[in-house]
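Under our numbering, the first residue of the sequence shown carries the number 1, and numbering increases by one thereafter.
Treat the hints as calculated values from the structure; they're not laboratory data. Just so it is clear, the structure is predicted and the values come from calculations on it, not from any experiment. From the three backbone atoms N, C-alpha and C, an ideal C-beta is built for every residue, glycine too. Take these hints with a grain of salt, some might be off.
What the hints assert, rightly or not - Label-pair restraints from in silico Cβ distances:
#, residue 1, residue 2, range
1, Thr61, Met137, 51 to 59 Å
2, Val97, Ser136, 23 to 31 Å
3, Val132, Arg42, 49 to 57 Å
4, Gly125, Ser18, 40 to 48 Å
5, Thr57, Val98, 48 to 56 Å
6, Met122, Val97, 15 to 23 Å
7, Ser129, Ala68, 18 to 26 Å
8, Ala34, Ser129, 53 to 61 Å
9, Phe26, Thr61, 13 to 21 Å
10, Val97, Arg135, 22 to 30 Å
11, Met137, Val22, 16 to 24 Å
12, Gln53, Ser129, 52 to 60 Å
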Amino acid sequence: MSWFSDLFTGSVSSFVHSVGEVADRFIQTPEDKAKFAIELERLLQQRDSEIEQTIRTELQTKERMLVAELSQDDNYTKRARPTVVYAGLGFIFLNYVVFPLVALLAEAPAEPLADLPAEFWMAWGGICSSWVIGRSMEKRGMRNPVVSAVTGSKPTKLLD
Numbered sequence: 001m002s003w004f005s006d007l008f009t010g011s012v013s014s015f016v017h018s019v020g021e022v023a024d025r026f027i028q029t030p031e032d033k034a035k036f037a038i039e040l041e042r043l044l045q046q047r048d049s050e051i052e053q054t055i056r057t058e059l060q061t062k063e064r065m066l067v068a069e070l071s072q073d074d075n076y077t078k079r080a081r082p083t084v085v086y087a088g089l090g091f092i093f094l095n096y097v098v099f100p101l102v103a104l105l106a107e108a109p110a111e112p113l114a115d116l117p118a119e120f121w122m123a124w125g126g127i128c129s130s131w132v133i134g135r136s137m138e139k140r141g142m143r144n145p146v147v148s149a150v151t152g153s154k155p156t157k158l159l160d
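Work the whole structure out from these sequences, hints included.
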C-alpha cells in the first residue's frame, strides 16, 4: 500500500503547509508555530492511519466472506449464477415467445404479457456479463482469485 500511503502523506503535508500559513497570521512566536505544526501533522497522520486501518479491515472482511462462500460444499450456490442466467432466459422466452404465440393461436392481440422492467434487464445483464466474461477467461486458462470468484470454480490442485 505504498502508493496509498504516499497519497495520504502528500495530502497531509500540503494541508499542514496551508494551515501553517494561516496559523502564521495568529501565532507570533517561532516556538509556538513549530509546536502547532508538529501537533497538527501528528493529528492528521493519526487520522489518516485510522482511515487506512479501516479500509484494510473492510478488505480483509470482504476477503474472508468471499473465501467462505467459495469454500463451502453446497454445489447449488456455486451454480447460482448459471441458474439466474437460465431463469432470465426462461422469463424472456416465456414473455416474448410463448405468450405472443398463445395469443396468436387464440386469435387475441399478439403482444407480450408485460414488458420486463428496466431493473430486470440491468440486473440480469450485469450477472450475465460477469459470468460470461469469467467463463471466457477461465476457458482461456486464466486462473486467479477474481476468475474463481466470478465463475465459482475451485482452483486446480496441480497449479496451486
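Check your understanding: Does the hinted range 22 to 30 Å hold for valine 97 and arginine 135 at CB?
Key -> Distance hint for valine 97, arginine 135 holds at roughly 25 Å.
Check your understanding: Does 52 to 60 Å hold as the CB distance between glutamine 53 and serine 129, or does it fail?
Key -> 34 Å, violated
Practice item. Indicate whether the distance between the beta carbons of threonine 57 and valine 98 respects the range 48 to 56 Å. Key: This hint holds: roughly 50 Å between Cβ atoms.
Check your understanding: Is 15 to 23 Å right for how far apart the beta carbons of methionine 122 and valine 97 are?
Key -> Between methionine 122 and valine 97, where Cβ atoms are some 22 Å apart, the hint holds.
Review point. Per the hint of 16 to 24 Å, is the separation of the Cβ atoms of methionine 137 and valine 22 within bounds?
Key: Because 52 Å falls outside the window, the suggested range is violated.
Exercise for review: Determine whether the Cβ-Cβ distance between alanine 34 and serine 129 falls within the hinted range of 53 to 61 Å.
Suggested key: 57 Å, holds
Review point. Is 40 to 48 Å right for how far apart the beta carbons of glycine 125 and serine 18 are?
Key: Cβ of glycine 125 to Cβ of serine 18: about 46 Å, so the range 40 to 48 Å holds.
Check your understanding: For the pair valine 97 and serine 136, does the Cβ-Cβ distance stay inside 23 to 31 Å?
Key -> For serine 136 against valine 97, whose Cβ atoms are near 27 Å apart, the range 23 to 31 Å holds.
Review point. Do phenylalanine 26 and threonine 61 keep their Cβ atoms within the hinted range of 13 to 21 Å?
Key: 44 Å, violated
Review point. So does threonine 61 sit 51 to 59 Å from methionine 137, Cβ to Cβ?
Key: At 26 Å between Cβs, range violated.
Check your understanding: Is 18 to 26 Å a correct range for the gap between the Cβ atoms of serine 129 and alanine 68?
Key -> 25 Å, holds
Check your understanding: Taking 49 to 57 Å as the hint, is the beta-carbon distance of valine 132 and arginine 42 inside that range?
Key -> 51 Å, holds
The structure does not agree with the numbered hints 1, 9, 11 and 12 stated previously, though it agrees with the rest.
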